[in-house]
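Protein chains in written order, with the UniProt record's numbering: chain D, 1 to 154; chain X, 1 to 154.
Computed footprint of chain X on chain D, listed as stretches where at least three residues anywhere in the stretch have a Cβ under 8 Å from a Cβ of chain X:
1) 51 to 58
2) 89 to 100
3) 113 to 127
4) 132 to 142
Simulated DEER-style distance windows between Cβ atoms:
5) D46(X) with K137(D): 17 to 25 Å
6) A103(D) with P48(X): 15 to 23 Å
7) G66(D) with D62(X): 26 to 34 Å
8) G66(D) with G60(X): 27 to 35 Å
9) A107(X) with P80(D): 33 to 41 Å
10) E127(X) with A112(D): 32 to 40 Å
11) Q74(X) with V131(D): 24 to 32 Å
12) D46(X) with E102(D): 14 to 22 Å
13) P80(X) with A112(D): 43 to 51 Å
14) G66(X) with G66(D): 23 to 31 Å
Derived by calculation from the structure, the hints in this document are not laboratory data. We put the beta carbon where it would ideally sit given N, CA and C, even for glycine.
2 protein chains.
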Amino acid sequence: MGDRLRGPGAATGSQLRVPVPATFTPTVGHRCYTYRMQPTSRVFPDPPYYAVVFTSRLSGDDDGYGDTAERMVQLAAQQPGFLGVDSVRDGLGITVSYWRDEASIAAWRQHAEHTLARETGRRRWYEEFEVHVAEVKRHYGFRRTPDVSDEPSQ
Amino acid sequence: MGDRLRGPGAATGSQLRVPVPATFTPTVGHRCYTYRMQPTSRVFPDPPYYAVVFTSRLSGDDDGYGDTAERMVQLAAQQPGFLGVDSVRDGLGITVSYWRDEASIAAWRQHAEHTLARETGRRRWYEEFEVHVAEVKRHYGFRRTPDVSDEPSQ
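All chains, full assembly: derive it from the sequences and hints.
Structure, rendered in structure tokens:
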């Protein structure tokens with residue numbers, strides 16, 4: 001299953017920008033939901049901060065891959081400037097890690113264990129991968145607030 | 001399975017920046033691979049361009065979701081400025097779309113079909129989601145070039 005992790009840097013930041021609340025009045029016969037734009041379950045600082053998108057396919061030789069991937073997530077989460085990470089794989093794998101700035105990304109990249117893992121990845125585990133390092137300009141989120149009733153809600 | 005799509009805008013751009021080629025000499029007894037940093041199977045223009053990271057969990061009511069998700073990928077791929085998209089879901093879903101600039105992102109967001117899909121998403125399909133709009137500063141890729149032999153390769 002995909003994993004989500006909130007970094008220590010994220011806990012103290014200001015809340016994720018929340019779009020104007022909105023409600024929906026459904027047509028007759030449909031189940032009613034009141035939905036509001038609310039902060040999601042984790043908090044990012046105000047932009048800018050950074051997202052590193054790592055997209056990959058495995059080679060088929062995954063000996064040690066799972067343990068190392070798990071170790072890397074744990075280790076990354078301890079690094080200064082780490083804000084969070086999401087990762088999902090189903091054939092194609094996408095991992096997006098969030099960092100406060102370029103310096104924290106560089107420091108993590110130079111971490112000895114991370115460097116060894118990346119070298120092993122190229123040598124054994126990955127068929128191909130792409131890395132995109134991007135500066136987050138804006139963000140927003142949504143979380144469902146169910147309000148089920150028989151009457152259309154306001 | 002995750003899907004990848006190369007946008008029309010990507011085909012004419014310059015090649016993905018390629019790191020300095022490197023080879024690896026394995027220890028005795030291990031299978032040998034020569035690996036080089038090569039362009040991956042799709043091409044992005046030189047940065048900057050944009051990545052939109054959409055991370056979500058479904059509500060459980062997925063009636064129509066699959067068809068609409070597929071339709072949105074096809075439709076997005078026809079929009080001016082579209083560069084590519086990757087999408088994987090396993091409980092958590094991550095979709096990263098790539099765009100030439102903010103204007104193309106805004107135009108896609110205002111597309112009538114896309115707007116309707118987003119509204120339905122909030123009303124029915126999504127438990128929660130996050131959107132991060134980010135400017136790609138740099139990118140690189142790797143693709144394995146297997147060179148299997150009994151002797152360590154140079």
